[in-house]
Amino acid sequence: MSEAINNLPPKPVFDLQAVARELLITFAIGVGIMIPMVLLRTTDRNSKLVIEYHWEEMLFALILLVVGRLGLIFLDKQKPMPTLIIGLAMAIAGWTFEFPTEVLEVFMLAAGIILIIRAGLALWREAKGVTENDRENGKKRRELLLKHSTGYITIVVIAIAVILPFLTDLLQFILPSIWGDSGFVVGLSSRYVVDVFTLIFTYILLAWGLNIVVGYAGLLDLGFVAFYAVGSYSFAILARDFNLGFWTALPLAGIIAMTSGLVLGFPVLKLRGDYFAIVTLGFGEIVRILLLNLYDLTGGPDGINGIPRPGFGNVVFARTAKVDGTQTFTDFFSNTFWQIDYSTTHRIIFLYYIVLVLCMLVAIFTIRIRKQPLGRAWEALRENEIAAASLGINRTNIKLAAFAISATWGGFAGAFFASRQGFISPESYTFIESAIILAIVVMGGMGNLMGIALAAIILIGLPELFRDLNEYRMAAFGFGLVLIMIWRPTGLISFRDPTVLLFGKKKREHEEAVDATKEGNS
Amino acid sequence: MLEFKDVQTFYGSIQALKGVSLNVEKGEIVTLIGANGAGKTTLLMTLSGVTPASVGSITFKGEDITKMRTDMIVRKGIAHSPEGRRIFSKMTVFENLQMGAMTNDPAKFDENLAYVFELFPRLKERGWQNGGTLSGGEQQMLAMGRALMSNPEFLLLDEPSLGLAPLVIKDIFRAIKQINEEHGMTVLLVEQNANHALKLAHRAYVLVTGNIVLSGTGQELLSNPEVQAAYLEGGH
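From first to last, the protein sequence lines are chains U and G. Just so it is clear: in the first sequence, position 32 is 32 by the numbering used here, and no numbers are missing. Just so it is clear: in the second sequence, position 61 is 61 by the numbering used here, and no numbers are missing.
These aren't lab readings, by the way, just hints derived from the structure by calculation. The structure displayed is predicted, hence computed values, not measured ones. Incorrect hints may have been included.
As the list claims (entries may be wrong) - List of simulated lysine-lysine pairs, DSSO-like, C-alpha gap at most 27 Å:
1. G:Lys67 <-> G:Lys5
2. G:Lys108 <-> G:Lys124
3. U:Lys139 <-> G:Lys90
4. G:Lys177 <-> G:Lys61
5. U:Lys371 <-> G:Lys76
6. G:Lys76 <-> G:Lys177
7. U:Lys139 <-> U:Lys77
8. U:Lys371 <-> G:Lys18
9. G:Lys199 <-> G:Lys177
10. G:Lys67 <-> G:Lys90
11. U:Lys139 <-> U:Lys128
12. U:Lys270 <-> G:Lys90
13. G:Lys5 <-> G:Lys108
14. G:Lys61 <-> U:Lys270
15. G:Lys199 <-> G:Lys26
16. G:Lys26 <-> G:Lys67
17. G:Lys177 <-> G:Lys108
18. G:Lys90 <-> G:Lys26
19. U:Lys140 <-> G:Lys18
20. G:Lys90 <-> U:Lys147
21. U:Lys270 <-> G:Lys26
22. G:Lys124 <-> G:Lys170
23. U:Lys147 <-> G:Lys124
24. G:Lys5 <-> U:Lys371
25. U:Lys371 <-> G:Lys177
26. G:Lys90 <-> G:Lys61
27. G:Lys90 <-> G:Lys5
28. G:Lys76 <-> G:Lys18
29. U:Lys77 <-> U:Lys140
30. G:Lys5 <-> G:Lys18
31. G:Lys26 <-> G:Lys108
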C-alpha cells in the first residue's frame, strides 16, 4: 500500500516558461540585494570618502546566484544529472579560474560542492530505489542510534579534547610510517588552533552556565553577560588590589558573581516571560554602564591592564621568573627529568587545560544536579509553574538557586577570560555577547550539554575558520545559524534524557518500544 | 478537618469569592459544583495558597493556613491536582510521579508508588513514556497519582472529568471512591459533571458567582429541583 502512495506524485513537468520566470525572480532579488552590498562601496581616498562601483564583482556574483538556482531547480524537478554537471562546472570554475575577489571563488567552490553532494545523493537514491518513506524511516533510525550512542560519542569527544594540544605530535609520530610525509597535519594542534579551542571552551562554559537558567529553569535571561563581566572584573580587581593569584581569585570571582546573581535575581523573579527577559536585558546594560562609569574601580573605558596569568604552585609561564620564590615552567621540568626549551605555546596549552577542566567540572556538576530534586524542580518549573507550585516547590528559592549557580559558572568563565586576555574593558561585555551565548544554548538544543558544545564549536569556530574572509567573517556565523535552523529546528541535539532508570536493565528495550509507539502516534 | 470562614479572594479589583464558608470532615468526599466562572477553581487555588485570600480564614486541622506559602501548605498534607491536569509533558511518567514526592519522606516513596500503580496500572505500563504522549485519561490518572505521591491526608481534585470520554470518567470516579474507602482519604472535589460528582460525594456545596447558595448531602442535592434544573439537565 505504501508503494502505491509513494508512486502517486508523478515526475514534475519541466516547464521552460516557469523556470525562466523563477530565474528572473532570482536575478531581480539578487540585483536588489547586491546593489547596496556588493556594487556600491565607500573607500577612503586621500582622507575623502569616495563611492566605488564594483561592476565586475556584482556580475560574477549574479552569475553564481542564477546558475546555482538553476541547479536547485533541476534538483527540484528530479533531474539530478544536470545539477551534477552544473555543480561540477561551478566547483571547477571556483577552483581554477581567477575571480575578481577571493570570496567569490570560495563561494563558487562551496556552492558547486553542495550541488554535487545533493545531486549525488539524489542519483544514489534513484539508483537504489529509495522512497520518501524509507528516507523518513532512515532518519528515525539514525536519530535513535544517535540517542543510544551519545555516551560513547561523549567519551570520544572528551578524549580528543584532552589530547588535542598534542595531536600533531602524536600524528607525526604515527602517520609517517603509513603516509610518508605528514606535513599536512601540522596545523591540527598549532598554537592558533589550541587558542581557538580555548575560546570555544570559554563559550561552552558560558553557555552551560546560561543553560541552567534558560534550558532547565526556562527563564529567558538576556543579560547573562552581566555575570561574565562581574566575574572578569572581580578577578581583575582582586588580582590588582589584593595581589591574589589565579587559584585564589578564581573561586572568589565565582562567589562574587554568585552573589550578584542572587542580588539581581531577587527582584526579577516575580516577573514572567517577556517581562523577565526585558528586565534581565536591562540589568546586563546596567552592569556594563556601571563598569564604564566607576572609573576609580574599573578604569572606565580604559579597562584594567596587566591581569596576572595563571600558574601552578610557584611555577610561572614566562621566559624568566621575575618574582623571588617562583620558577619558570621550563626550569621546573628541565631540572627534574628532561630538558625542554622555553616556548610561549606552553602557556597557551596550560590555559587550554584550565578551561577544559573547568568545563568538565561544570558538566559533571550539571549532569549530577539534574538528577537531584533541585534540578528536577527547575525542569518542573519550566514545564508548568502552577503544577510545580502545587506540588510544594518553593518557586522563589528554586529560581534563585538556578540564577546563582548559572551566575557562578558565568563568573568562572569571566575570570578565566580576564586571565587569558590580560586586559579587559567594558567593550567585551556588550549585549551581543549575551545574544551569542543565548544563540548557542538555543541552537544546541536547550538543556543538552553535548548539543550546546557542538553549537559552540559551530557558531564560534566557523567565524574563526573564515577569518581570512575579513568582513564576511560574521556571515559564517549567520550561515551556521541558518543551517542549524533548517536541519535541526529544535536544536542540534534536542532529545531529553530521562533522569531515572525505572526498569533497570530492561530500560533500553522499553525505551525502544516507547519510541516505536511515539513514531506510530506522530 | 478543613474550615473556610467568610473567605474572600480578589483578582485585582474583581472579587471571585464573596465570603465563602464551608467545612470538610475527615474521611469525607465533599464536592463543589457550579457553573463556569462560579469561583470553584479559585476556591481551590485560595486553599492551596496560589491566590491567597484577602479576607477570612482557612484552618486545616486547627491550624490557620490562610497566609501560608503554597509549598508549606503542601507539606501540611494537602495535595492539589490542578485543573487541566498540568502534568510535566516532557518528563517521563515516572519522573512526574517523583516530582509529586518532592515534599514527602523518601522512606515512604516505594509504598506510595506501589499504591499509585495499584490504583492506575496503566501508569506502570507507561512508566518510560513522556507525559505529553499520554492520552487525556492517562494524563488525568497521572495528575492524580502525582498528587497522591506526596502522601497527603487531604486531596483536592479540580475537574478530573474535564474533556474525558464517559467510560474514562467512570474509571476516574471509581479511583476517587477507592482512594477514599481504602485509604480514608479526605477529598474535596470540584466538578462540572454534577451528576457523577453528587452520586459519589457524601456532602456537596453549590457555588454561584462566588457565594455558596446550597449545601447538603449528595443525595439531597441530586433530588433538589433547583439543582436539577440548573446543573443536571442533560446530565442524565
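Taking the hints in turn, this is what the structure says about them:
At most 27 Å may separate the alpha-carbon atoms for a hinted pair to count; Lys67 of chain G and Lys5 of chain G meet this at roughly 14 Å. Of the supplied pair hints, the one linking Lys108 of chain G and Lys124 of chain G holds, its CA atoms being roughly 18 Å apart against a limit of 27 Å. Restraint check for Lys139 of chain U and Lys90 of chain G: the C-alpha separation of about 22 Å stays at or below 27 Å, so the hint holds. Among the hinted pairs, Lys177 of chain G with Lys61 of chain G is consistent with the structure: their alpha-carbon atoms are about 23 Å apart, no more than 27 Å.
With a C-alpha separation of about 26 Å, the suggested pairing of Lys371 of chain U with Lys76 of chain G holds against the 27 Å cut-off. About 23 Å separates the Cα atoms of Lys76 of chain G and Lys177 of chain G, which keeps this hinted pair within 27 Å; it holds. For the given pair, Lys139 of chain U sits about 23 Å from Lys77 of chain U by alpha-carbon distance, which is consistent with the 27 Å threshold. At roughly 44 Å between alpha-carbon atoms, Lys371 of chain U and Lys18 of chain G are farther apart than 27 Å, so this suggested pair is violated.
Between Lys199 of chain G and Lys177 of chain G, the direct Cα distance comes to roughly 11 Å. Compliance with the 27 Å bound is thereby established for this hinted pair. Restraint check: the Cα-Cα separation between Lys67 of chain G and Lys90 of chain G comes to about 32 Å, which exceeds 27 Å; the hinted pair is violated. Of the supplied pair hints, the one linking Lys139 of chain U and Lys128 of chain U holds, its CA atoms being roughly 17 Å apart against a limit of 27 Å. Note on Lys270 of chain U and Lys90 of chain G: the hinted pairing holds, with a Cα-Cα distance of about 24 Å set against a maximum of 27 Å.
With a C-alpha separation of about 34 Å, the suggested pairing of Lys5 of chain G with Lys108 of chain G is violated against the 27 Å cut-off. At most 27 Å may separate the alpha-carbon atoms for a hinted pair to count; Lys61 of chain G and Lys270 of chain U exceed this at roughly 31 Å. A distance of roughly 19 Å separates the Cα atoms of Lys199 of chain G and Lys26 of chain G; the hinted pair therefore holds under the 27 Å criterion. For the hint linking Lys26 of chain G to Lys67 of chain G, the alpha-carbon distance of about 22 Å falls within 27 Å, and the restraint holds.
For a cut-off of 27 Å, the pair hint linking Lys177 of chain G to Lys108 of chain G stands: about 22 Å separates their Cα positions. For the hint linking Lys90 of chain G to Lys26 of chain G, the alpha-carbon distance of about 36 Å lies beyond 27 Å, and the restraint is violated. Annotation: proposed proximity of Lys140 of chain U to Lys18 of chain G is violated, straight-line Cα distance about 56 Å (limit 27 Å). Taken as a hint, the Lys90 of chain G and Lys147 of chain U pair is honoured in the structure, with Cα atoms around 16 Å apart against an allowance of 27 Å.
With a C-alpha separation of about 36 Å, the suggested pairing of Lys270 of chain U with Lys26 of chain G is violated against the 27 Å cut-off. At most 27 Å may separate the alpha-carbon atoms for a hinted pair to count; Lys124 of chain G and Lys170 of chain G meet this at roughly 20 Å. Between Lys147 of chain U and Lys124 of chain G, the direct Cα distance comes to roughly 23 Å. Compliance with the 27 Å bound is thereby established for this hinted pair. Proposed proximity of Lys5 of chain G and Lys371 of chain U is contradicted: the alpha carbons are some 42 Å apart, above 27 Å.
Taking the CA atoms of Lys371 of chain U and Lys177 of chain G, the gap is about 35 Å. The hint is violated against a cut of 27 Å. At most 27 Å may separate the alpha-carbon atoms for a hinted pair to count; Lys90 of chain G and Lys61 of chain G exceed this at roughly 36 Å. A C-alpha spacing of about 40 Å is found between Lys90 of chain G and Lys5 of chain G, which places the hinted pair above 27 Å, so the restraint is violated. The suggested pairing of Lys76 of chain G with Lys18 of chain G holds, with an alpha-carbon distance near 26 Å, which does not exceed 27 Å.
With a C-alpha separation of about 26 Å, the suggested pairing of Lys77 of chain U with Lys140 of chain U holds against the 27 Å cut-off. Straight-line distance between C-alpha atoms of Lys5 of chain G and Lys18 of chain G comes to about 11 Å, which keeps the hinted pair within the 27 Å bound. About 22 Å separates the Cα atoms of Lys26 of chain G and Lys108 of chain G, which keeps this hinted pair within 27 Å; it holds.
Comparing the model with each numbered hint stated earlier shows that hints 8, 10, 13, 14, 18, 19, 21, 24, 25, 26, 27 do not hold.
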